[in-house]
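**Q** Input sequences plus hints: build the corresponding full structure.
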Amino acid sequence: MTGSFWNRYPDAPYATLLGVIFNYLNPDANEDMPALKRSLSHTDREWVRVFKEELRAAMRDPGVLPEGTLFEAASFEDGSERRFLDRLWRELYGDEPV
Amino acid sequence: MPHAERRGGMEQPRGPERLGPEQLPGAERLPGADRYAAERREIRAAMDRAARDPAFAQPPYRQSLDRELPGPDGPRPPRESLREMPGLSTEAAERHLNAADLAERPWLRPAMVASEDARRVIATVDQGEGHHLRRHEGAASGDAARERVERLCDPANPDAVSRGRADDAFKVGADGVPRRHVCRDEATAISDPDAFATAVARAMEHPDVRKVLDRTVQPEDKRREVEIPINELLGPKGHESCAGYRLIPIDGSIYKAMDNRAAWVKAQRDGAPTDAVEPTSSKIDTFEGGTIKILIQPRDDRSRYEIMNLFPKPPKN
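Listed in order, the protein sequences are those of chains A and B.
If you count the first sequence from 1, you need to add 22 to reach the numbering used here.
If you count the second sequence from 1, you need to add 23 to reach the numbering used here.
Think of the hints as simulated: they come from the structure by calculation, not from any bench.
Keep in mind that the hints are not guaranteed to be accurate.
Unchecked claim - Derived PhoX-like pairs: lysine-lysine, alpha-carbon spacing no greater than 20 Å straight-line:
| hint | chain 1 | residue 1 | chain 2 | residue 2 |
| --- | --- | --- | --- | --- |
| 1 | A | K59 | B | K194 |
| 2 | B | K245 | A | K59 |
| 3 | B | K194 | B | K289 |
Keep in mind that this is a model prediction, so the values were computed, not measured.
**A** Next up, the structure:
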């Protein structure tokens, strides 16, 4: 099977986090943070809960993510995975503790 | 025959000069109210010459349109896929292309040297909501791709000054100011218009893409992505129609290069001094073994799914 980690292994740990980041924040997918915030407001949805859990875990240790997949998903300009994840948490959840 | 070169598996005569869309007569801006009509006449005249003169090279992929490629319902030539793709009629497509202001829609310029079947597909894509024609076809290759990956110049933005400021063609902030364009560490394109149209048409009949396009849009539906090997969509030589540039890492780090590029472009936009260095890129060596990524999302009116983006990716190292 061809394609991104999150497409090849949709049930793998962190596939939800990476797939959502790609679909909403990658430049080639027409990145759209407001749309992501709107979608995450549906807190009764399973994927919304999984996304937040996986983001928490990745912030504690970005090394849990398969190598290179976060950059492939986000094409971030923050200089490091950790800085990108920190910024993402702040933008999505404000001052809420990790 | 003094020269010959291998193209598409056949020995082809080499013309006095390879005819690229940017080199066509009429590519320069002509003065006067009939500037665009004159430009089109010149381009068409060049096409006619090309059709008559075997020493005048055509875009290479055009020569592959009648060679069968494997498909979900058995082998068939790309030309059939081009002809059967839903969209504008041939007449409506020609009207669209003939009425186009090529200064406002420079991404249509390569279509002027494409086959009639490819032009119909390109005109159809141009009337859709996707970004792929503007950012990942012939007009967005070469220097345009390099300027995009280094300086974030959006090829979808036809205004040269605005493009030079890295303004995004589509996104405007709440203050009415265009947002800064964003781009990953590669800018890639299917540089041949017939190959681009074939990629679109064959993608639309690929089972993995159809599965999404045929869905009824649900309120919470979001984007979906499909990735297909280049050779599956364009044939064994299809990678030769793909091109692009990749940002050069700084201190071995692509993260640093992306961070540096953002800082450098911001300083240019603000007219401010910066410690960031001017970004650099290198041409991508080959797309052989690569894929074409297709992003599909509901149209703005959520009436149906549509391909929103389609671009080639080189193989992973």
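**Q** Hint by hint, say whether it matches the structure.
**A** Quick rundown of the hints versus the structure:
no. : hint               : result
1   : K59(A) to K194(B)  : 18 Å, holds
2   : K245(B) to K59(A)  : 13 Å, holds
3   : K194(B) to K289(B) : 16 Å, holds
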